[in-house]
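Chains as they are written, first to last, in my numbering: chain A, 1 to 312; chain B, 1 to 295.
Everything labelled a hint here was simulated from the structure, so no lab data went into it. Note that the structure is predicted; figures quoted are calculated from it, not measured. Ideal placement from N, C-alpha and C gives every residue a C-beta, glycine not left out. Worth double-checking, as some hints may not be accurate.
[Claimed, not checked] Incomplete in silico selection of chain B near chain A, CB under 7 angstroms:
1) Pro-16
2) His-60
3) Leu-62
4) Leu-63
5) Lys-236
6) Gly-242
7) Val-243
8) Met-260
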Amino acid sequence: MTDRLVNLGVSLAGIALPNPILTASGCFASGREAQWFIDIDTIGAIVVKSITRVPRNGLPTPRMVETPSGMLNAIGLQNPGVDAWIEHDLPFLRQHGARVIASIAGDSAEDFRYVAGKLMAAGADTIVGLEVNLSCPNVENRGLVFACQPDSSYTVVRAVRHEVTVPVLAKLTSDVTSIVAIAQAVVDAGANGVTLINTLLGMAIDPETGRPELYNTFGGLSGPAIRPVALRNVHQVHQALPNLPILGCGGVQSATDVVQFLRAGATAVSVGTQQFVDPFITGRLTHDLEEWLARHGHSDVTELIGTVTPWH
Amino acid sequence: MTARRAGVVVGRETGPVNVTCEVLERRKEGAYWRLVLSARTLAGRSEPGQFVQVAVEGQHTLLRRPFSIARATRQGAEGGTLEVVFDAHGPGTEWLTRCSPHDVLDVIGPLGTPFPLPKRDVGCVLVGGGYGSAPLYWLGETLNRMGLRVDSVIGAASGERLHGVMDAKRVSASATFTTDDGSYGTQGRVTDVLGTVIERSGAQLLYACGPNPMLAAVTAVAKHYGIAVQVAVEEKMACGTGVCFTCVLPVRDKTGTVTMRRACLEGPVFDGTAIAWDESRYNVSSPVETEAVDD
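Given these sequences and hints, build the entire structure.
Written out as C-alpha cells, the structure is:
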C-alpha cells in the first residue's frame with residue numbers, strides 16, 4: 001500500500017485488511033460469480049453467504065420484492081452445507097487469494113460450534129475471521145431469533161468462541177429494544193467485534209390479490225432505505241462500547257456513505273444490496289474513499305473512525 | 001437522466017460486460033415497447049436466450065431491470081446493436097418508456113445461458129406467450145440460417161398483447177396465433193393448438209418463452225409427444241449475476257435430486273422436463289421456515 005496517498009489499511013477486531021470495504025453476507029455468494037467483473041483479492045474481505053451444518057434449499061419463490069429505495073428478501077439460508085462448501089468454495093477462494101470472513105448460521109448453539117470447527121480445521125489459511133449470523137430462529141427456544149435475546153446470543157457466541165482462535169464478529173439485528181444490551185451480551189461471550197446491522201424485518205402486500213409479496217410473508221429489508229437505521233445502531237453501540245470494533249452494514253452506496261459509517265464508529269463497512277446493482281462497487285468505493293480522504297487532508301482512514309461532532 | 005458518455009465498456013475479454021449504451025430508437029409495438037441500443041461489445045457476445053440488466057431511474061427504484069435480448073446485431077454504423085422488448089408495468093419500466101434517442105443507458109450483459117442449438121436436422125417449434133416471444137424470432141432466424149424448419153405458436157391475452165406477428169410469419173413455415181379473448185387468431189391457449197402443429201410439422205424440439213404456467217403446460221405437451229423442450233423462465237431477480245439467490249426454481253438433476261437453481265446463472269434456459277413445475281411453490285427438501293431468515 002506504499003504507493004497510496006492515503007493508508008486505507010485497517011485492523012478489524014485483529015483482522016488485517018488492505019482496505020475497509022467488504023462484501024456483506026448473502027450478497028456476494030462465495031465469490032465465484034464475481035470473477036467476471038473483479039479480482040476478488042482486491043476486496044478488503046469477503047463475508048461469504050451463511051454456511052450451515054447441512055445443505056439447505058431455502059424458501060420457495062417469490063423470495064424478493066423491490067420496495068422504496070430498498071428491497072425485501074426471504075431466501076431461507078440456501079447454501080450447500082459446510083462439507084460441500086469446504087470441498088467446492090474454499091479451494092476457489094484460497095486459489096484467488098481472497099481474505100474470507102465465513103458467515104455461519106444454525107438452528108442451535110451446537111450447530112454454530114460444529115460449523116465453526118469444521119471451517120477452521122479446513123480453512124485456517126484462508127478464513128481470517130468468522131461472522132456469526134444470529135438472525136436465525138433458535139429451534140431450542142420456540143423459534144425465537146437468537147439475535148433478539150441477549151442470553152441466546154451469548155450462548156451461541158460463547159460456543160463459537162471456545163471452538164476457534166480467529167476473531168469472531170457477531171452480526172446483530174436492529175429489531176430489538178436495546179442494541180447495546182445485545183452487543184454487551186456478545187462481548188461478554190467473547191465476541192471480538194460486531195457487524196451492524198442485519199436487515200430489518202418487513203412486509204409488502206400485493207394490493208390487488210391481497211397476497212404477501214414474499215412467499216415467507218415477512219422478509220429482510222435492505223438497501224439505502226435502512227442506512228439511517230444502521231448508522232444510528234453503529235453510533236449507539238460505539239458510544240456505549242467505544243473499544244468494540246464494528247463492521248458497519250446497511251445501504252452503503254457511495255464513499256460518503258462509508259465516511260458516515262466510519263464517523264459513527266465503524267472500523268470497516270460491508271456492501272450488500274448495492275452489489276446487486278453494481279458488481280464493481282467494492283473497487284469503486286475503495287477508489288472514491290481514497291480520493292475523498294486525500295481531498296480532505298487525511299493520510300490514514302482510521303483518523304475518521306468515531307468522529308461524530310455532537311451539537312451539544 | 002444522468003449525463004453519461006456512451007460506449008464505455010468495463011469487463012473482461014469474455015463474459016458479461018458493463019457498458020453504457022446510446023438509445024438509437026424507441027418504438028411502441030402493440031402493448032409493448034422496443035428499445036434499440038448501440039452496444040458493439042455486448043451485442044458481439046450475445047446469443048438468443050440470454051438477458052441484460054438495465055439500470056433505471058424511476059422514483060425510489062434501486063435494482064436493475066432484467067430483459068431478455070430480443071435481437072443482437074454485429075454490424076451497422078454502430079458496430080452492433082442490442083434490442084429489448086418490455087411491458088411498462090412499474091416505475092422502472094415506465095421510466096424506460098420515456099428514454100429518447102441519444103440518451104445513455106447503463107447495461108450489464110449478456111447474462112445467463114443461451115438456447116442450445118440442435119446438432120442435427122430437426123424441425124423446431126417456437127412457443128411464445130406475451131412479449132416472451134420477443135427473443136424467439138432472433139432464435140428463429142438462427143435456426144433458419146441452419147436450414148431447419150421452424151413453426152411458431154404465439155399466444156397472448158389479446159391481439160394487442162400478441163408480440164411479433166409479422167416476425168413469426170417471417171421466420172416460420174407456419175405461424176399459429178391464439179388469444180384468450182379471441183380478438184386475434186384462435187381463441188384459447190397456445191397448448192390448445194400446439195399438438196396439432198407438432199403433428200403437422202413433425203417437429204422434434206420445442207423452444208418456449210413466456211410466463212411460467214405456460215412453460216409448464218408446454219412442457220407437458222412436449223412430454224406427451226416425446227420431444228425435447230427448452231424453456232426460458234421468468235423469475236423475479238435482484239442481481240442477475242448469481243449472487244442474490246432470489247430467482248431460483250426447483251430443477252431435477254440426472255440422479256433425480258431436486259435443488260433450487262438460479263434462473264440468472266444456471267438459466268434462464270432450462271430443459272423443461274428437468275424443472276419440478278409442481279414443486280415450484282413449496283419447499284423441496286427442508287421444512288418451510290416460519291421466521292424470516294435473512295442471509
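Hint-by-hint comparison with the structure:
1. Here the hint on Pro-16 of chain B is kept, as its CB sits about 5 angstroms from the closest CB of chain A, short of 7 angstroms.
2. Nearest Cβ of chain A to the Cβ of His-60 of chain B: about 4 angstroms, under the 7 angstroms cut. The hint holds.
3. The beta carbon of Leu-62 of chain B is positioned within 7 angstroms of a beta carbon in chain A (closest approach about 5 angstroms), and the interface hint is therefore held.
4. A least Cβ separation of about 5 angstroms between Leu-63 of chain B and chain A falls short of the 7 angstroms threshold, and the interface hint therefore holds.
5. The beta carbon of Lys-236 of chain B is positioned within 7 angstroms of a beta carbon in chain A (closest approach about 5 angstroms), and the interface hint is therefore held.
6. Because the beta carbon of Gly-242 of chain B sits about 4 angstroms from the nearest beta carbon in chain A, less than 7 angstroms, this interface hint is met.
7. A cut of 7 angstroms between beta carbons decides the hint on Val-243 of chain B: the least distance to chain A is about 5 angstroms, and the hint holds.
8. Interface restraint check: Met-260 of chain B against chain A, minimum CB-CB distance 5 angstroms, threshold 7 angstroms, status holds.
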